[in-house]
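Could you build the full structure based on these sequences and the hints that come with them?
Top to bottom, those sequences are chains A and B. When we follow my numbering, the leftmost residue of the first sequence carries the number 221, and every step to the right adds one. When we follow my numbering, the leftmost residue of the second sequence carries the number 904, and every step to the right adds one.
These are calculated hints, taken from the structure and not from any lab test. It is possible that part of the hints are untrue.
What the hints assert, rightly or not - Within a straight-line C-alpha distance of at most 20 Å, the following computed EDC-like cross-link-like pairs (lysine to aspartate or glutamate) qualify:
(1) A/Lys402 with B/Glu929
(2) A/Lys247 with B/Asp1003
(3) B/Lys1064 with B/Asp1003
(4) A/Lys402 with B/Asp1003
Said to hold, decoys possible - Quick list of the computed label-pair ranges, beta carbon to beta carbon:
(5) B/Ser977 with A/Tyr267: 14 to 24 Å
(6) A/Asp254 with B/Asp1069: 53 to 63 Å
(7) B/Arg941 with A/Val229: 23 to 33 Å
What the hints assert, rightly or not - Which residues of chain B face chain A? A few of them, derived with a C-beta cut under 7 Å, are:
(8) Pro950
(9) Leu953
(10) Tyr954
(11) Ile970
(12) Leu973
(13) Val974
All C-beta atoms, glycine included, are put in the ideal place defined by N, C-alpha and C.
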Amino acid sequence: MLGPSWLVVDDSSNGELVAAAAAGDQKAWDVLVDRFTSLLWNIARQYRLSPADAADVVQTTWLRLVENLDRIADPERLAGWLSTTARRECLRASRRPDLPRPGDDFAVIPDDGPAPGERLLRDEQDAALWSALARLGEACQRLIRLLISDPPPSYAEVAIILDMKLGSIGPTRQRCLNQLRKLASVDGGLT
Amino acid sequence: MTGQAASSVPGGAGAPDGGDGGRLSELADDDLIRRLRRIAAEADPVPDSLYAAARAAFALRDIDARIAELVRDSAMDAPLVAVRAVTESDARMLSFEASDTVIECEVTARGGTRDIVGQLTGGTAAWVAAEVAGRPPVRADVQAHGFFAVRGLPSGPLRLKCLLADGVTVATSWTPV
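Rendered as structure tokens:
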């Protein structure tokens, strides 16, 4: 039998948490939720989905993990499993016939919240940075949005999620942030 | 080393937010990442209700059910780029399979609600329960030839469950509708 729930702590490994959750431990599940929900949200928000549809994708991803708790072959690659599931569901959501999509001239976007970045940022430099993030190249946006998840994934997890070499993450991050600074400076008239 | 490295990652959430108000060109990479994390929390926060729904997902675990996997979704066959209006007639076909048991259904969107007409083959059951995550399941009788219908479901992640005559519970993989 697996350890009792008081042995599950916030820094337990993914493997320990998955095993404890598979044995029925809600506390272990909650730690997983706290660890990865922001990451999944940041992935889902890179697709053109409304906040409500992005939330459905993230919730579905967790429901799929519930369904597969006994079948996760390599729990230490859990971040990769979750992000693959979320991206597949984002793709599905972006193709659903009942949801508006880019190019739908007549579609009415459901009014269920502000689009990314539409929520007012009062600080001018914050607004310039946020707007610059949305204009970065796709590869850079993906990396930076992963890294600003709370808590952020480890570089090993980033490497799995984005199929990058571990050693290239640091240099890529530096290059992407330099581009971001440039875009934000030009846009916001900031230096 | 995976999973719990938050505090050891450069720019990790544990470090104080620094550098606000300074010149961007002088803002160190780690500080810029931290600042973007704070901005994201302000401009595009994870809804609190999503954390609650994700925690509640655990209670929906059914360890006895055989999972019918989603094997076909007409939405994935549709062209990605299409200029078209959303109409009342848009329907989506979903097929789920658990070994010999097949559940096929047509999902029609009517505003915020969904109508489902489906067919169960490769097994017999008296009813099908349609469950949208966070809502009580809705039962529908299975008619001749395995047909069933559920109307007026809210949109959201859905699973269909049925108890087959041979005592096996089949549950479809969660799928947003």
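Quiz item: Against which earlier hints does the structure fall short, listed by number upward?
Solution: The structure breaks hints 2, 4, 6, 12, 13; every other hint is satisfied.
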